[in-house]
Every structure is written in structure tokens, then in C-alpha cells.
Amino acid sequence: MAYKIVSSQCTNCTACEALCPNIAISERGGTFVIEPAKCTECIGHFDTPQCVAICPVDDTCIVDKSYPRYQAQ
Amino acid sequence: MDTLTYDETAAESTADVGEVMQKIAEHKGCGTSGGNAPSCGSSAGQGDLPTEIWEKVKNHPCYSEEAHHHYARMHVAVAPACNIQCNYCNRKYDCANESRPGVVSERLSPEQAAKKVLAVASTIPQMTVLGIAGPGDPLANPEKTFKTFELISNTAPDIKLCLSTNGLALPDHVDEIAKYNVDHVTITINMVDPEIGAKIYPWVFWEHKRYTGIEAAQLLTERQLRGLEMLTERGILCKVNSVMIPGVNDQHLVEVNRAVKSRGAFLHNIMPLISAPEHGTVFGLTGQRGPSAQELKALQDSCEGEMNMMRHCRQCRADAVGLLGEDRSAEFTTDKIMEMEVDYDLDSRKAYQAQVEEQRQAKVAAKQEELADLAGEMSDIELLVAVATKGSGLINEHFGHAKEFQVYELSTAGAKFVGHRRVDLYCQGGYGEEDSLETIIRAINDCHAVFVAKIGGCPKSDLLNAGIEPVDGYAHEYIEKSAIAWFKEYLAKVNSGEIEHAVRGDADIRQGALISVA
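These protein sequence lines map, in sequence, to chains R and V.
The opening residue of the first sequence carries number 664 in my numbering; numbering runs sequentially from there.
The opening residue of the second sequence carries number 576 in my numbering; numbering runs sequentially from there.
Bear in mind the hints are in silico, worked out from the structure with no lab data behind them.
This one's a predicted model, so the numbers in the text were calculated from it and none came from an experiment.
Don't take each hint at face value.
Within a straight-line C-alpha distance of at most 30 Å, the following computed DSSO-like cross-link-like pairs (lysine-lysine) qualify [as the list claims (entries may be wrong)]:
id : chain 1 : residue 1 : chain 2 : residue 2
1  : V       : K836      : V       : K911
2  : R       : K701      : V       : K784
3  : R       : K728      : V       : K667
4  : R       : K728      : V       : K784
5  : R       : K701      : V       : K667
6  : V       : K1029     : V       : K667
7  : V       : K1029     : V       : K978
8  : V       : K774      : V       : K722
9  : R       : K667      : V       : K784
10 : V       : K667      : R       : K667
Derived coverage of chain V by chain R (criterion: at least 3 residues anywhere in the stretch with Cβ under 8 Å from a Cβ of chain R; other residues may be distant) [what the hints assert, rightly or not]:
id : segment
11 : 647-658
12 : 782-790
Cβ pair distances, simulated, as ranges [claimed, not checked]:
id : chain 1 : residue 1 : chain 2 : residue 2 : range
13 : R       : P699      : V       : L921      : 50 to 56 Å
14 : V       : A905      : R       : G707      : 43 to 49 Å
15 : R       : D721      : V       : E718      : 26 to 32 Å
16 : R       : E690      : V       : T908      : 15 to 21 Å
We put the CB at the ideal spot given by N, CA and C, even for glycine.
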């Protein structure tokens, strides 16, 4: 799995971008997106996914189930 | 390298700072005092303020009530991220209390912000202060915030820098704040009791973790108070903003006032909660009400004995431009700025400000003269009057064009600024509308009179019916001088039995932060 951002709820506050340990988050076309291939769910970096913890709108950074669960190397 | 240089400077000046902070602690400062008492808030003179502090506040519209009639400020929205959640804020729309622009407003890069500051400074020579107040928290975006300060201090060194923060990250950045000569910092402190804090803040984000409940509030209050102490130690002036939330922290703010005063805060600004349901905030959706005008004033009055109270805050947006109470941000969008020819001329700015200073002195002289006449009067009567003004301390606005009324308390001690009331424009396109007139009357219902430059016959009679005297005989004259002159006549009429003095009722505080009426 990776995390994804529900773009209709994103306020473009940029907070998640700076916190992502994998530099997986960037602004595209006026809203923020997570590059699933880079997202590690913060496993190995932090106890909780940083984008989820800082996001000011509940249920906006959510698990994208279309990707397999990240396996720490 | 920079840190080293700063440390050396700090070591040399440590002795002076202690002395200055002692003076700040003793001084009652920049609130508004009524009569002859010298205070930077009410007189154009230095009064009893130490020179170092006077130089910092005299042209700062937020730190000096008196200056706010003459000098303008601007905010640049370079700091979108936030590290806490407040129940009065909804990031999907506006945060009405802490100066947050809506999602449609532009985020600026530090470079765009620096260009905007030069463009505004060239157009509005009385713009003396640049603040960073969000739309998130400046210290949750430290790179952008300090880069902006660096660029502006290089290109426009005469502009004062300030920032407004929730305080969570403050202790980590105090040295950098000092390095860029930011000499005014505002901290929003709504509580010093974590149990109360848990009702205001659902969570805070600190050291890569989200904290909730009492633990979150405990962390926040400790960091806020520590940050305040660290600013005080470095001689940086600190204003504390508190949102008054009836039933949650209204009584508690007296304790907050004592806590911040004892840690060296210079000014306390208690603001009304803004919680319209359409803003979509937690408080808006749960029906938490804001205070009435008299509830707010009573709390401000009860804290005033302890320290200076700011009463002229307009709860402005993170991209506001202009005098407090006006918003010219629409003139300075990024598109427009890029096309502007910017001619930043320090000398012409200074010359303009010297003129403003003359006007300011004349205003105070006129007030003192009128006040001397009042000295012999004996009366317990205290009452409020509303004033329509466009700035410069003059009664120079038409009743129908006023977007807000300034409120002065009159007594034998003189005229004291005690607040302002936002209203919808009564007159648009030259004719009045009944509904908005009723809204205006509710907003100034606690006032005995309203001073205007001009007023139409229809609203005049409606005001009289509501018991508010419309006064247009002092058009384009100084506010305080005129108000004192009118009050003397009022007392004479009461004494002669011509009129009977009656106490007025309460008034509404209009919901919603100041937005431009474009």
C-alpha cells in the first residue's frame, strides 16, 4: 500500500510536502499528490505516516489499496 | 558564522536588555488611556516610554492605537503550513480569527513576497510594517519565513518586520528571529490550563508526532510560555492575542492575562470568536457563539488594570494591505505587481512620513486644548460614541460609506478608543437600504451618538428613533477633540435638565473577518 491524497479535500497548505521522508509528495496542477512508488508509509522513518499526522483535513491522506503493502528492505 | 556574530552582539547588549525589559514590565504601554496620562497609545509624544521601546512602537499600527490611524501594514502569505489544529479555524476556507486567507488567495514565494513589499511601499508611503501571519503558522514554514525577512531587510531596510505565531515552534526559532531584527512577535495564547486547551485544540504536531487532548494542550502551553520568556530575555516586544470563546475560556483569559504579563508581554489583544456556521469550523458547526460587544469590552476592561489592552485589532487576513480597517490587497495581486514599475525611494517615504507626523502632532495638540476645558467638569457619566472615519484621526467618512465605526468612550477623563464595529455598507450607489441600516443600528446600539462627515435625512431620523444622535457638525475635524467638545455640551444639557442621561443597551459584533469590498 501507499498513501494517496484526496485532491478535492486538499487545501494546498504544503505541510505534508516538507515532512515526507521520501520526497514522494509534490504539487501537480494546483494540488498535491503522492508518488506511490516512492511512498513507504513512513515505515522505518517514523511511527506514523507524516502526511496523515499533519494534514489539517481529516481523511484526506488515506491508504491507496490499489498498491501492495510496502515491504521494508 | 551568522550565529557567532549574533552571539557576540547579544553578549555585549545583555546588560541593556535587562534594564529595558524592566521598563517594559513597569510601563503600562500602548493601550489607550483617556485623559492626559502620557502613553504611546493615546498621545503622539513619547510620554514615559523608554526611547528604545518608543522607537519600536511609534509607527507600528498594531502596537500603538494612536499610530493605527496614520500608518499602514501589510502581510505576505508565504507560510501556508500549520502545525496545530484550532476549533475556530477551517483550512478549507478562511481562518477568520488568525488572519488566514481563503483558498482562493495566492500563496507567495519569498521572492514574490519581497517584490510585493516594494510595490506596496512605493504606492503607500505610510506602510511601515511587514508581517508574516500565515495563512498557516510562520514558524511551521521557517525557511520561507526567514528567507522573506532576509530579502526584505536587504531591499527595504526601513520597514519593520514582525510575525504572528501559535507559539508551538517558537522556542526553536527565537535566535533566528533576533538575527533578522524582528522586533515584534505576536503569540496567540488562548489558555494556560491544558483542560481548557483540550476544548480549543484537537491536536498539535510536534517532533513528527500528532498529540491530542490534554497532552497536546500541555505541550502547547509550555512551549508558548517558554517562547514568550525567551523573547522577553532578548528584548523583543511581544503581543499576546487571545480569542474570547464564551463558556470555554472567557473567565480564564484573566488568568492568561496575568501569566503573560508576568513573563514580560507588552500588549494583550483579546479578540471576539468568529464562528459563523458557513465558515465550517468546529465551533461554527457546534453553534458555539461569539461574545457581544459589551461582554468583550467588560473582559478587556477587567484585564486593563493588569496591562495594556489592544482594542483596535481588525482580525485581518494573512494577505491584508493598508490601514487597519481597510484592505487594499486586491490592488496588489501577483499579476498586477509584475506589471508595476517599482520605484522604492527611501527619501520620499521619509518625507511623506514627516508630514504624517506633523498631522499627528496637530491632532494631539487639538485634543489637549479641548481636554483642558473639560478639566473643571465633575460627572460620573461615561458613554460610548461611534465615529465614521477613513483614517488620519479625522471624522471624514459619510455615514453611508462607512465599512466600520470606531468607538470611543467619553468621560470627564477624556476620549478613549475602546473598539470598532464592522458594518455592511449602508449606502451603495447613492441610496440606502433599510435592512443594512438595522444591522448598523444593532452594531452601534450601545452608543449615544454617531459622528459622521455627512448623513442623509432618512437614516438620520431612523437613528434618532433608535436613540442614537447623528452628529454631522464636526465634519472633517479631529475625532477626539470633537468628541470631547460634544461631550461637554452633552453634560451641560444634562445639568440644565434639557436632556436626561440614559444607559444604552448591548451591541452585536458582526461575524466574519475583514474582507475587501471590491
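Consistency of the hints with the structure:
no. : hint                         : verdict
1   : V/K836 to V/K911             : violated, 43 Å
2   : R/K701 to V/K784             : holds, 21 Å
3   : R/K728 to V/K667             : holds, 26 Å
4   : R/K728 to V/K784             : holds, 24 Å
5   : R/K701 to V/K667             : holds, 27 Å
6   : V/K1029 to V/K667            : violated, 41 Å
7   : V/K1029 to V/K978            : holds, 15 Å
8   : V/K774 to V/K722             : violated, 35 Å
9   : R/K667 to V/K784             : holds, 19 Å
10  : V/K667 to R/K667             : holds, 18 Å
11  : 647-658                      : holds (count 4)
12  : 782-790                      : holds (count 3)
13  : R/P699 to V/L921: 50 to 56 Å : holds, 53 Å
14  : V/A905 to R/G707: 43 to 49 Å : holds, 48 Å
15  : R/D721 to V/E718: 26 to 32 Å : holds, 27 Å
16  : R/E690 to V/T908: 15 to 21 Å : holds, 20 Å
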